[in-house]
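Residue numbers (this note's numbering), protein chains in the order written: chain D, 1 to 463; chain W, 1001 to 1128.
Derived from the structure by calculation, the hints contain no laboratory data.
Note that the structure is a prediction, hence the values are computed from the model and not measured.
It is possible that part of the hints are untrue.
[As the list claims (entries may be wrong)] To be clear about the criterion: a stretch of chain W counts as covered by chain D if any three or more of its residues have a C-beta under 8 Å from a C-beta of chain D, and this derived list gives those stretches:
#, region
1, 1005-1015
2, 1109-1118
[Said to hold, decoys possible] Chain W residues, not near chain D, derived (Cβ > 10 Å throughout):
#, residue
3, L1034
4, V1054
5, E1062
6, D1066
7, D1071
8, T1099
9, F1102
For each residue, glycine too, the CB sits at the ideal point set by N, CA and C.
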Amino acid sequence: MRHGTNVRGMLNPTRAPRETIAAGLRCLILITVFVMARLQPDARTTAFDLVVGIGAAYVLITTFIPWSRYDARRATLVMLAVDVVLITALIQTQTGVRSEYYLLYYLPILHASVRLNFRDAAGTCVFAAASYLLVGMLEKPDAAVTTTVISRVLTFSLSAALLAAFFLVLSHERKDYERLTNHYRDAMRAKSEFLSRVSHEFRTPLTAIVGFSQLLYEHEKDLDPSRQHEYLSVVREQAQQLARMIEDMLDITRIDDGRLELQREAAKLSDLIEAAMMFLDSPNDRERLRVTMQPGTPFVWVDRSELEQVLSRVIHNALALAEEQKPISLSAGMVDEDPDMVRVSVQAPGMNVDEEDLSPVFGPSAAVLSERPSSGRALGLAVARALVELHGGRIWLDDTEGTGAAINFTLPKYTAKDASPEVIVSDENSGEGAEAYGEGESDDSGRRSVRAETGARQPEPLR
Amino acid sequence: MDDDPSARKLVRDSLSLSGDSYDIFEADDGRSALDLIRAVRPDVVLLDITMPEVGGIPVCSEIKSDPLLTDTEIIIVSARTESDFIAESLNAGASTYVTKPFQPADLVRRVRQALAKTPETPEEAVHA
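Build out the structure end to end from the sequences listed, making use of the hints.
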């Protein structure tokens, strides 16, 4: 039955290529032995050299072919084959093995160091040296020559170790290069996908800009002034949206390339919020934002301009995602579970988490930029998340069933150890209470340059 | 059908300012668009592809599988420019694919062409 399987395998090499190859090799060995047995002694030696040479060349070539399969078992098999060759030569010639045959022991070492790891290469070196010693002793088993054999074995071991080390380093370098190449290829693919999605997102505001401006141009006389004004308003809003998206894309590229270095300073959150509100498009949007600061909210240790970007994007998105014209609330305070962080939460009534493609932005992975967001809105939140994480905080979405959702993020609290002589924040309102930083911490250095919040302040509505 | 109100307004105004007379109906998602289309049985439907929940291509397939809507012409108006999307839309039964941004006059021309294919043309188009 087994024979039948092999025959089928030989007839259909695609179904069983290994069996086919094995059967072919067995035939080849049988033919070789048969031919060699019928040769004259001199010719027999030449034929033996030829067969060994072909075998060695096969092992050498396949060692360096990247797609050939290699494992530790094969290295052992190659070594055993070398043992068999040498012992056969020893028995056959009666006068000792030609020294070139001992070079065959380099083959399994080469093989293991090129294709396998350090452990396999070292193991193969040890076993090859042991085999070398054994065959050497079999060859000339008198005490005087054994010293010569040992010295040859030592020379072999040293050269084998050097060879193995050389190829191990080479293959390690090659693997590093391959890893880098793959990483680069993945990054380029991600970037192309990102650009393709972003260009798609750009088309949405562009459609309104191109379409309404064209209607204005073509039908100026047919449109009454209020319609003209309406069209111009749409063009203006969409142009602003487009400008924001371009800004977001540039920011993402900047963060992605690692070109953004934070210039941290101690900052008061309510100042940052006020600054961020200046980015809002209309006074109506500003009216819709309710800000509440928990009493004693400490200063945060942030890059002021980048954090304004975070706040403006989060507020802008919450306003856009909230139910029509409903106010949104921003609250800030300490994080119970982490005393080193300050939490900011923006609650939007009616905000539907599933409504927009926000899941990639707030997904479990920290690699926000590799999960390229697919909507223009998510693009802004992706920038916010990247910036928050660059500050050492985290950002997440709380879905409060039926009432809306909240975008939350944490920021590091300013502590005295963060202060450096270069970082001095001017206190333009020093009269407000400069005895402490935020919650009443005193500055070890005795410096009073950072504006402080009074510890017992009531919730602070900005409007 | 488009989830972006400004895009719906642009299509509506492009058609109404063209000088032709259309009855235009709007929908902002796939489900309400299908209900509207089955109720109104329009001559032409303009669909966006990328929509929350039910997108334009499933709506397109639904229209084509409805025996009462066999004469309805479908125009896809989408920001997706990939050939896969265009092929998928045309396979689903759309007769034309317009990419955003578009020129209003070009959209009107496509609607007129689509209306010319319908058996009776009482100058009625629907932007569902």
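Against the structure, the hints:
no. : hint      : result
1   : 1005-1015 : holds (count 6)
2   : 1109-1118 : violated (count 0)
3   : L1034     : 20 Å, holds
4   : V1054     : 13 Å, holds
5   : E1062     : 22 Å, holds
6   : D1066     : 28 Å, holds
7   : D1071     : 28 Å, holds
8   : T1099     : 8 Å, violated
9   : F1102     : 7 Å, violated
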